[in-house]
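> Note that the protein sequences, when read in sequence, are chains A and B.
First residue of the first sequence? That's 0 in numbering that gives the first Met the number 0, and the numbers climb one at a time after it.
First residue of the second sequence? That's 0 in numbering that gives the first Met the number 0, and the numbers climb one at a time after it.
Honestly, the hints are just simulated from the structure, not real lab data.
This one's a predicted model, so the numbers in the text were calculated from it and none came from an experiment.
Each residue gets a CB set at the ideal place from its N, CA and C atoms; glycine is no exception.
Mixed in with the good hints, there may be bad ones.
With the Cβ distance kept under 8 Å, some of the chain A side facing chain B (calculated, not the full set) [to be verified]:
| id | residue |
| --- | --- |
| 1 | S51 |
| 2 | Q65 |
| 3 | I136 |
| 4 | S137 |
| 5 | I143 |
| 6 | Q144 |
| 7 | A221 |
| 8 | L253 |
| 9 | A256 |
| 10 | L274 |
| 11 | L279 |
| 12 | G353 |
| 13 | G357 |
| 14 | G359 |
Within a straight-line C-alpha distance of at most 25 Å, the following computed BS3-like cross-link-like pairs (lysine-lysine) qualify [said to hold, decoys possible]:
| id | chain 1 | residue 1 | chain 2 | residue 2 |
| --- | --- | --- | --- | --- |
| 15 | A | K222 | A | K200 |
| 16 | B | K200 | B | K13 |
| 17 | A | K290 | B | K266 |
| 18 | B | K13 | B | K266 |
| 19 | A | K284 | B | K13 |
| 20 | A | K314 | A | K290 |
| 21 | B | K266 | B | K284 |
| 22 | B | K290 | B | K266 |
| 23 | A | K290 | B | K317 |
| 24 | B | K266 | B | K222 |
| 25 | A | K222 | B | K200 |
| 26 | A | K284 | A | K13 |
Number of protein chains: 2
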Amino acid sequence: MPASPLHEAIAHNKARYEEYAHGTFLRLTDKYHGAPRGSVAIDGRVIYGYPSIGRILRLETGLQHQFRAPFWVEEKVDGYNVRLARVGDEILAFSRGGFICPFTTDRAPDLAELHILREHPELVLCAEVAGPGQPYISGHPPYIQEDVKLFVFDLMRLDQPGYLPQPEKRELLQRYALPAVQHYGRYTTDQVQEMRELLLKLTAEGREGVVMKEDSSRDHRAKLVTSYSCIDDIRGTVDHLRDLPAEYFTGRVLRLALFLEEQGETKIGDLRLQLGSAFLDGLSKAIEQWKQEQRVYHTHRCRFRNPENARRLLKHMKRSTGHLHVAQRRLEKEGDYYVLEFDKLHAGMTGLLGHALGGGLVFD
Amino acid sequence: MPASPLHEAIAHNKARYEEYAHGTFLRLTDKYHGAPRGSVAIDGRVIYGYPSIGRILRLETGLQHQFRAPFWVEEKVDGYNVRLARVGDEILAFSRGGFICPFTTDRAPDLAELHILREHPELVLCAEVAGPGQPYISGHPPYIQEDVKLFVFDLMRLDQPGYLPQPEKRELLQRYALPAVQHYGRYTTDQVQEMRELLLKLTAEGREGVVMKEDSSRDHRAKLVTSYSCIDDIRGTVDHLRDLPAEYFTGRVLRLALFLEEQGETKIGDLRLQLGSAFLDGLSKAIEQWKQEQRVYHTHRCRFRNPENARRLLKHMKRSTGHLHVAQRRLEKEGDYYVLEFDKLHAGMTGLLGHALGGGLVFD
């Protein structure tokens, strides 16, 4: 698709102009004519969005039902989704929603050697950024102890939806020594038991789950998460339970129950205690924080190469999270980086705990 | 308020006519000019609705904040709310929403000797009906092993909002030997420790909680539930998690966390394990039921004196729950009663489990 059809979406209220350093670009706020939400038209080119992948909740029937051919299995990493692309002379990182991410754009040179985008300027890297030093979510994989890491999982081409075939992608990732998600091999739909064992191994390693990609021209995909992921998500976000849709929590409890049902009791350890602890210990932390400081918040600490990008990130966060809910603590040079610390206020939880701990009446 | 002002609510789309054996009556579908939702105008009289009582989530601040005078403490029973009143020659039971409940109306003579309504036809009994033999909710107090029991907690007068004062109410309940909720005495706002101990005792006894009623002309009220209630509610309803608002579950987890925070770790036993088990064991039961019968449902078993009321109940249930979601299993005479068995289909859970266990893709 050349850039112009995306411009039609404006008339249908499904696209918006955004500003960036060199002018404006267009961002799809909703899917439009086959282009996913988050697709962007910039500098005369289109970078297609990364559509969400459906999840299966049961291996035995799910593999049979979803796949007509063998499929590749890759790690699903617990971070945020970005697309890295060359725009003019720069490499820009786009968020799932099609915003330019000032943090990822700033740190791109640290995350990977990106010669690939200089030698193949028509390519787009689809990747997860994960780690405790990221600005968006509070959780991170336990095997990343500091800052952030990049995990490429797909390559796209400018102006084209869809992804490069798996062998071509892997060859390029290897040739350019790009950091990629773990690759667990090619499975057939009757390898249910092998997949169960893989999921158990990933649970034990504290990994989020897998993405399965059919080895066929239709490249059909599905994801599946571990019990670790369900519980870790709850533990990591229950302190702002009132700032998320309640379905966020009930959905994860349901996934966990189906995981337990598929894997059987004996192999997993005490999921009941883990689940109850995730809820109650996480909330207990939020209550303690409110009692100490009369608010519930999370402090993010991110490193930047250029302090201007830290300011851009804060501006972006204030726009998406609410102006009063993001507050800078400090922005200071430390060694080669500028360290930004900011608090994200959990307004719903702060309000509820203030009311409840203060002895107010709740009607529900 | 005479009956006529309630009729004004029709013009504001806040009241509906309902049919009953002797004609029609009016039911407020929303609050209107100080009359709560569920108020009814019938046979020239008004029976005021029973408004919902706000809950406190913390004793220490809640008692101070809510009450300006000592307050009576009564058991909050886990059942459904009815108002029993004399209409013409009959005693009718009205649900919270202002419908005539065919089950409670049928069984009223078994639930209590209602001489009081013959000698004082201007009185209205506000009560909870609880037990495994009731048609509405699946949970019940562990101390009621079969059928249903009535627990009166307030008296009202026809055409008047508000309740009789506590001493007058208790005198009448005693004089007419009416079954009433447990009365735990009169407390002052500084008896926080005593109230904490009472709540712990009620948790151990499997009771839902307390309703506190200020001993003053304003008769201000607040309720507070036990950790037992939070966990028992989740265990009893998680099999139809997708048929209830997700906030039903997250709200109870929050209450539990605040209960734990107030009462401290040591006195309560392992709430973490209890909470996790309530979620996972309840869901596991639903999954098993789906695997056996390809649907998730609950079978209710209720006794009636008059089979016509059983048919009325089913009609009422089909109207409120959805025609296809209620199915009669049998209606047969057993001893002095007609036993109605019917299934309530949990359509959301049946659909979700069918999709998920069948290997379908879920987008969320």
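> Run every hint past the structure and note whether it holds.
Hint check results:
{"no.": "1", "hint": "S51", "verdict": "holds, 6 Å"}
{"no.": "2", "hint": "Q65", "verdict": "holds, 7 Å"}
{"no.": "3", "hint": "I136", "verdict": "violated, 16 Å"}
{"no.": "4", "hint": "S137", "verdict": "violated, 18 Å"}
{"no.": "5", "hint": "I143", "verdict": "violated, 25 Å"}
{"no.": "6", "hint": "Q144", "verdict": "violated, 27 Å"}
{"no.": "7", "hint": "A221", "verdict": "holds, 6 Å"}
{"no.": "8", "hint": "L253", "verdict": "holds, 7 Å"}
{"no.": "9", "hint": "A256", "verdict": "holds, 4 Å"}
{"no.": "10", "hint": "L274", "verdict": "holds, 4 Å"}
{"no.": "11", "hint": "L279", "verdict": "holds, 5 Å"}
{"no.": "12", "hint": "G353", "verdict": "violated, 11 Å"}
{"no.": "13", "hint": "G357", "verdict": "holds, 5 Å"}
{"no.": "14", "hint": "G359", "verdict": "holds, 7 Å"}
{"no.": "15", "hint": "A/K222 <-> A/K200", "verdict": "holds, 16 Å"}
{"no.": "16", "hint": "B/K200 <-> B/K13", "verdict": "violated, 42 Å"}
{"no.": "17", "hint": "A/K290 <-> B/K266", "verdict": "holds, 22 Å"}
{"no.": "18", "hint": "B/K13 <-> B/K266", "verdict": "violated, 48 Å"}
{"no.": "19", "hint": "A/K284 <-> B/K13", "verdict": "violated, 44 Å"}
{"no.": "20", "hint": "A/K314 <-> A/K290", "verdict": "violated, 29 Å"}
{"no.": "21", "hint": "B/K266 <-> B/K284", "verdict": "violated, 30 Å"}
{"no.": "22", "hint": "B/K290 <-> B/K266", "verdict": "violated, 39 Å"}
{"no.": "23", "hint": "A/K290 <-> B/K317", "verdict": "violated, 48 Å"}
{"no.": "24", "hint": "B/K266 <-> B/K222", "verdict": "holds, 22 Å"}
{"no.": "25", "hint": "A/K222 <-> B/K200", "verdict": "violated, 47 Å"}
{"no.": "26", "hint": "A/K284 <-> A/K13", "verdict": "violated, 40 Å"}
The structure fails to meet hints 3, 4, 5, 6, 12, 16, 18, 19, 20, 21, 22, 23, 25 and 26 from the earlier list, while all remaining hints are met.
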